[in-house]
Every structure is written in C-alpha cells, then in structure tokens.
Amino acid sequence: MTVECAPLDNVVRPGETNGPSGIALTDRRFVGQVNLRVRGSGLTAAGHALGYALPMAANTTAGDATSRACWLGPDEWLIVCDDGKQAELIQQLSAALAIDPNAVTDVTDARAVLRIAGACARPVLAKGCTLDLHPRVFGADRVAQSLIARAQVMILPIEGGGYDLFVARSFAGYLWDWLLDAGAEYGIRVEG
Amino acid sequence: MLLIPCPYCGERAEGEFRYGGEAHFRRPDNHLEATDEAWADYLFMRKNPKGWHRERWMHLAGCRRWFYVVRHTITHKIATAYKVGDAHPDLPA
Numbered sequence: 432m433t434v435e436c437a438p439l440d441n442v443v444r445p446g447e448t449n450g451p452s453g454i455a456l457t458d459r460r461f462v463g464q465v466n467l468r469v470r471g472s473g474l475t476a477a478g479h480a481l482g483y484a485l486p487m488a489a490n491t492t493a494g495d496a497t498s499r500a501c502w503l504g505p506d507e508w509l510i511v512c513d514d515g516k517q518a519e520l521i522q523q524l525s526a527a528l529a530i531d532p533n534a535v536t537d538v539t540d541a542r543a544v545l546r547i548a549g550a551c552a553r554p555v556l557a558k559g560c561t562l563d564l565h566p567r568v569f570g571a572d573r574v575a576q577s578l579i580a581r582a583q584v585m586i587l588p589i590e591g592g593g594y595d596l597f598v599a600r601s602f603a604g605y606l607w608d609w610l611l612d613a614g615a616e617y618g619i620r621v622e623g
Numbered sequence: 002m003l004l005i006p007c008p009y010c011g012e013r014a015e016g017e018f019r020y021g022g023e024a025h026f027r028r029p030d031n032h033l034e035a036t037d038e039a040w041a042d043y044l045f046m047r048k049n050p051k052g053w054h055r056e057r058w059m060h061l062a063g064c065r066r067w068f069y070v071v072r073h074t075i076t077h078k079i080a081t082a083y084k085v086g087d088a089h090p091d092l093p094a
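As you go down the protein sequences, you meet chains A and B in turn.
Residue numbering for the first sequence follows our numbering, starting at 432 and increasing by one per position.
Residue numbering for the second sequence follows our numbering, starting at 2 and increasing by one per position.
It is possible that part of the hints are untrue.
Stated by the list, open to error - Chain B stretches covered by chain A per the calculated footprint, using a threshold of three residues with CB under 8 Å from any CB of chain A:
1. 4–11
2. 14–24
3. 28–40
None of these hints come from the bench; they were simulated from the model.
Heads up, the beta-carbon is just placed ideally off N, CA and C, and yes, glycines get one too.
Bound conformation, chain B alone (with noise of 0.2 Å):
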C-alpha cells in the first residue's frame, strides 16, 4: 500500500487514488498535418522507466483532483507531488 501525498488532502492510502500513466506528454499541435509516427508516438509511445517516473493521480475518494507525482518505479519511493500548473520539481538524483 502507497502513502500518496495529495497536494490538497496530504498523505492518504492508495485505495482513495486512481492511476493516470505517464505525465507531461503532448498532444500533437497540428493535428491535421500530424504524421502518423508523432500519433503513435502520442498515443502509444511510453518512457516505462527503471527509476524515478513523473506520474498522473487522481484521489478519486477525496477532493477528486488530478495531479502529479515523482514516484521511483523499482521502490516505490515517493519523492513529491505537485499541482498541475505547478512547476516541474527536478527528479531526484
């Protein structure tokens, strides 16, 4: 079981969240002229690092709000979690 900070509600069990994947990947500008190789970048195209992984949660139980958190993907080690619109925190070493 995970403690996740909730940037509102502080730390609570991950039963209260839900998982969001991968943070900070953009949609393409133009979609129109998008190639096909930036769609399926887009959409199915993930780091799935071995270390510190910026990650989307939503506490889905309590205040119901997305946002991120840097959680390392072998220890589970929470580093921080930020709002979105926030700046993006620099993972840790």
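Chain A extracted, bound-state conformation (with noise of 0.2 Å):
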C-alpha cells in the first residue's frame, strides 16, 4: 500500500494551530522603519518634526500608535509607522534638521516584523532570549536589542502582552521556524 505524503503536509498553515492553546504569529506585512542619527542640537528639531521628544534612556520608546521612536542607541533611534508614512516622515526630518548633521535613512525593506501574541508568547521567547520581557521590568514604553535564537533582534512590546520582533529580512524565515517549533508546546496559530 502506497502512503500519500507531501513534503509539506505538516506545516502550519494560516487559520491552523499546531498545538492545544494557541499563541498567534502573523508576519506584519509590512511596517515603516525610518533610521535617524542625530545628537546635540539636532534633538530638538527632530522632536520638534516628530510631534514629541525623542526618548534620551536607553531601551526607552517615545510617540504613538502612528509614530513611535525607538532608542537604538546614545544618538541613533528607530522610528517605526505605518508602511507609506515613511516618505513624509523623511521629509519631515531631513527639513527639521537641515543645519544639524544627521542620517535619516528609510530602512523599512530591512527588517522584517514578526508578532507572537498571546499568554503564552513570553514563555516561547524565554527558549531562546536572555532578557526579562515580564511586564514588571520591560513594560509597554519600553524596546530591546537582543538575541532570539542567536538571530539579532529588536523586540517591541504590544498592547495585550505580546511582541513585536524586528528581525533583519534574511533571518525572518529562520527566526519564524524556530518561533513555530519552540511554541509547538503552547499551541501557535499562524494568522494573516
């Protein structure tokens, strides 16, 4: 008797959960990613063309659902949009801070953005993470830079406990596997 089997008859497919309870993935497709590099005088215009300050601790954010700047270092941030409000952004920016020497820089086809929602979203990422993401320390005006799964990350807390993980584009299939395989216990439900 032959056994039908197609190579992949046992992926996770959209709507489909691979495991009892269910953490949910969606690849978000996509997300505006602005790179700014400023320092000195130049923190204030760039405040000034963003609507609010920039964040100055480390690992802090600042903004809103529609802009938000991320810190990626003591003079670099990660503003992150809505895809197609990156080009008025730049705009905006580059005219804000025309005297003050700067980079801003459209990254947004760099990284891909993966979300894990769910209860069960901290323990999956605890597999493969260093950080303390308990809200208690890593709450929602805060980001990271870290390593998931050795792949280099910026995590981004969301509303109702769960992460957005910036993943650069060529790691985000690797980082998407290790994601389903590592969540298999909790159950993950792929969406989008």
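Assembling the complex is the task here: the two chains are given apart, and the hints tell you how they should meet.
What follows is the structure, encoded as structure tokens:
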C-alpha cells in the first residue's frame, strides 16, 4: 500500500494551530521604518518634526501608535510608522534637521516584523532570549535589542501581552520556523 | 557566561558582545618616522596580564557601541565598565 505524504503536509498553515492552546503568530507585512542618527542641537529639531521628544533613556520608546521612536543607541533611533508614511516622515525630519549633522534613512525593507501574541508568547521567547521580558521590567514604553535563538532582533512589546520582533529579512524565515518549533508545546496559530 | 555591564544598556549576556582585546594602546604618532620596534610594539605586543585588564568590548547585538571593561583575567570578575572618552578608573587592588 502506498502512503501519500506530501513534503509540506505537517506545516502549519494560516488559520491552523499546531498544538493545544494557541499563540498567534503574524507576519506584519509591512511596517514603515526610518533610522535616525542625530545628536546635540538636532535632538530638539527632530522632536519638533516628530511632534514628541526623542526618548533619551536607553531602551525606551516615545510617540504613539502612528509613529514611535525606539532608542537604538545614544545617538540613534528607529522610527516605526505605518507603511507608506515613511516618505513624509523622512521629508519632515530632513527639513527640520537641515542645519544639524544627521542621517535619516528609510530602512523599511531591512527588517521583517513578526508579531507573537498571546499569554504564552513570553515563555516561548524565554527559550531563546536572555532578557527578562516580564511587563514589570519590560513595560509598554520599553524596547530592547538582543538575540533570540542567536538571531539579532529588536523587541517591542504590544498591548495585550505580545511582542513585535524586528529581524533582518534574511533571518525572518529562520526565526519564523524557530518560533513555530519553540511554540509547538503551547500551540501556535498562524494568522494573516 | 559573563554578565557584562554595557554602560548604555545595563547588564547583558556575553553572547551579545564581541571582544576587542586590550584597551588604550596608542598608534605611533609620527608614522613615517616610527621605528620597526615601535610598530611591532603597537601591532603585536600586548600586556596579557594575570589579573586586572582594561579591555574593549562592543555590544554587537544591542546598542552596537564600543566601550571599556575592567576584567580580572583569572576570576572573570568585572570591576567596572566605562564609555569611550570617560576618565580611566583605577584598577582594583
């Protein structure tokens, strides 16, 4: 007797779950991303252009749902916005920073954004990340750059207990597979 | 696994960092007239102490900044970390 088994029969497809309880994993195609390098007097000018002050404390964010500045380094931020808004943002920042040394770069295509949500999202990430992502230390205004399963990621908490993982696009497939594997015991539902 | 205190991000696991060797050695000032001995000293000769060592580290998977660490090469104890441009702290006794 021939047993038919196609190579991808065991792969989780959109709307399906690979285990009991359910964590939602989403490919957030796409998220606008602008890298901003500025220091000194340019900080105030950038704040005016954005409508909020750049976060100066390490690993914190400022802004709102439409535009959020994430601290990447002492003179570097990643501004996350809705896809399509980055051109306008770059124009505003470049105009405001005309006289200050700066670099404003559209890096939207550099990173994929994977969203892992649900009550068990944190234990899944804990399998591959050394950071404490509990809300008491990693609250809504925090951001972190670290390693998940040896892949370099920027981790941004989302409302309702989940995380957006910004990962270099060439690592996205690997991280996606790793999350499906690490989350199998909790059950992962692929959305989108 | 070392827990390295990045002066910007705080304590992070060693895997996020890259080691940059001994800190604070200086390239010969007048490179056209520097002797072979001065170049050899600059390029190859390191202190390699048993004890406290000032060294460079870079937070590669985090803020990607270079900084300095005072680490004991036997015990791996880290006394302090400081930013580029900061005054050099004294080595522990």
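Now for the hints, and whether the structure bears them out:
Using a Cβ-Cβ cut-off of 8 Å, 3 residues of the segment 4–11 of chain B lie near chain A, which meets the minimum of three, so the contact claim holds. For the segment 14–24 of chain B, the stated coverage by chain A is satisfied: 3 residues place a CB nearer than 8 Å to a CB of that chain, which reaches the threshold of 3. For the segment 28–40 of chain B, the stated coverage by chain A is not satisfied: 0 residues place a CB nearer than 8 Å to a CB of that chain, which falls below the threshold of 3.
In this structure, only the earlier hint numbered 3 is contradicted, and the remaining ones agree with it.
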